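Below, each chain spelled out in residue letters.
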Amino acid sequence: MKNIQANNVDAYYGDNHVLKGVTLGVKENSVTAFIGPSGCGKSTFIRMFNRMNDYIDGFRKEGEILIDGQEIYDEDVRVEELRQNVGMVFQKPNPFPKSIFDNVAYGLRIQGIKDKNVITETVVKSLEQSALWNEVKDNLNKSALSLSGGQQQRLCIARTLAVEPTILLMDEPASALDPISTAKIEELISTLKESYTIIIVTHNMQQAARISDKTAFFYLGELIEYDKTTELYTNPKHERTENYISGKFG
Amino acid sequence: MNNLKKNRLIDKSFQYFGIACTLFGLIMLAVFISKILMDGIGRIDWSFITSLPSRKPEKAGILTAWTGTAWILGLTAIISIPLGVAAGIYLEEYGKKNRLASIIEINIANLAGVPSIIYGLLGLEIFVRTLNFGGSLLAGAFTLALLILPIIIVATREALKAVPPSLREASFGMGATKWQTIWYQTLPASSGGILTGIILALSRAVGETAPLIVIGALAYVPFVAKTPLDEFTVLPMQIFNWVSRPQHGFIVNAAAAIIILLVITFILNGIAIYLRNKWQKKVNW
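Protein sequence lines correspond, in order, to chains A and B. Read in the working numbering, the first sequence has 209 at position 209, and its numbers run on one by one without any break. Read in the working numbering, the second sequence has 442 at position 192, and its numbers run on one by one without any break.
Treat the hints with caution; some may be incorrect.
[Claimed, not checked] Label-pair restraints from in silico Cβ distances:
id, chain 1, residue 1, chain 2, residue 2, range
1, A, G69, B, N527, 53 to 59 angstroms
2, A, N141, B, S263, 21 to 27 angstroms
3, B, L302, A, R109, 37 to 43 angstroms
4, B, V364, A, K116, 49 to 55 angstroms
5, A, E135, B, A280, 55 to 61 angstroms
6, A, I113, B, K476, 44 to 50 angstroms
7, B, K476, A, K114, 42 to 48 angstroms
8, B, E355, A, N141, 56 to 62 angstroms
Please keep in mind that the hints were generated in silico from the structure rather than gathered at the bench. These figures come from a predicted structure and were not determined experimentally. For glycine and all other residues, C-beta sits at the position ideal for the given N, C-alpha and C.
Given the sequences, and given the hints that come with them, work out the whole structure.
As structure tokens, this is what we get:
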């Protein structure tokens, strides 16, 4: 499960038409950034890839969202399995009010894995992958809430990696963090891209330029422009895109 | 300038009015408690707690009453906690937020305000007669469980509502099912609020008399209840019975029993406040 293809996707919250005919494909092992002003539908869109909008009353989707050719909104798709394959990191760090170890082990435990060696191994590996291991290795039993915001966010990434997803969705993962923590997260994303397909929503255009291979610009629910990041930033085809990335409106 | 003076005067006078209102309630309570203490404290000793009721006030004790209260408390808890918490979880986590849900919500709030004697009549018809429990502990416990169910449901829902959505999202995002999310995340995070609600509801049940009179709890029970199907009395019933006797000795007994009942409810409320503070400190997002 690595390639994503959205065809003609519309999304509604009740009568509110938030996504309009979006078609876009994402290749494996790349970083794709979604940018655009608030309310443009980019968060709604990213949350459709692991069906996090399912619990919102009045949410409705039209069109196709295929992951490796499989429509993920089909009835026979088990949403729990989908979310193990398509992990998500949220805007505000949201660790569970438990120990660091238990946070990372949670995904395995809910899958019914009880073998302590397997769990410990995975926890260590995930914390190493998220570049948090050296900072917490002596305090695995401390509450996750005692970590700093940046550490909490890397813990959330470790927790997501522990269930071995192939796609990572990140909804403004650094917007609540200080510049140093942000840099660490960005560095992490660049290393993770070797083994994961990453989609990131960001308000920070420099961030999108630094870390992404392709960028999609959304405006009022429509996909205005989607291109290689270097191309979109140096040579935007639409006036709206140009105005947005040059900071004329936001 | 005049206006400013006037506003300040209104401000001051409301402040004093507020102090007076607060003091009114506190003074009433203080007078009541001190009167009861003066009347009854001297009567409380070991034999008062361990004696069966008697026709002679100096020999009478509250053994059957407090054991009955303990039975009722335990049985009511066993019946009402699973039902109330489960209903609260369903309404908050599973139920769709539509018209039907809001009608149910309003009705549950209404049920919490229905006079307890009405619940007594309901219990009499359903548990005492139809289900043939008679005037037993079981009938009493079921009736009181019905009475406090709305309180527990509302408290459970409020506690679940207070759990930040980000916690649920985190769990769902990891591939957890709804039930796993509730069991491992939402319930532990809200258990302080739920427990507080349960204990406050139970302390209300302990003080109820009217519904138990209706279902036929006895005022005079010369034996300690051994099974849930035994007939019973409870502290408020015993107090009610003693207060209506003419002899002064029974009035003293009633005061002593009131002290015991107050102690029980204060302890329950104290536990509730302790739990609330403990959880508030522990979890902060």
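For this session: State the violated hints by number, sorted upward, taking the hints as numbered earlier in the document.
Result: 2, 3, 8
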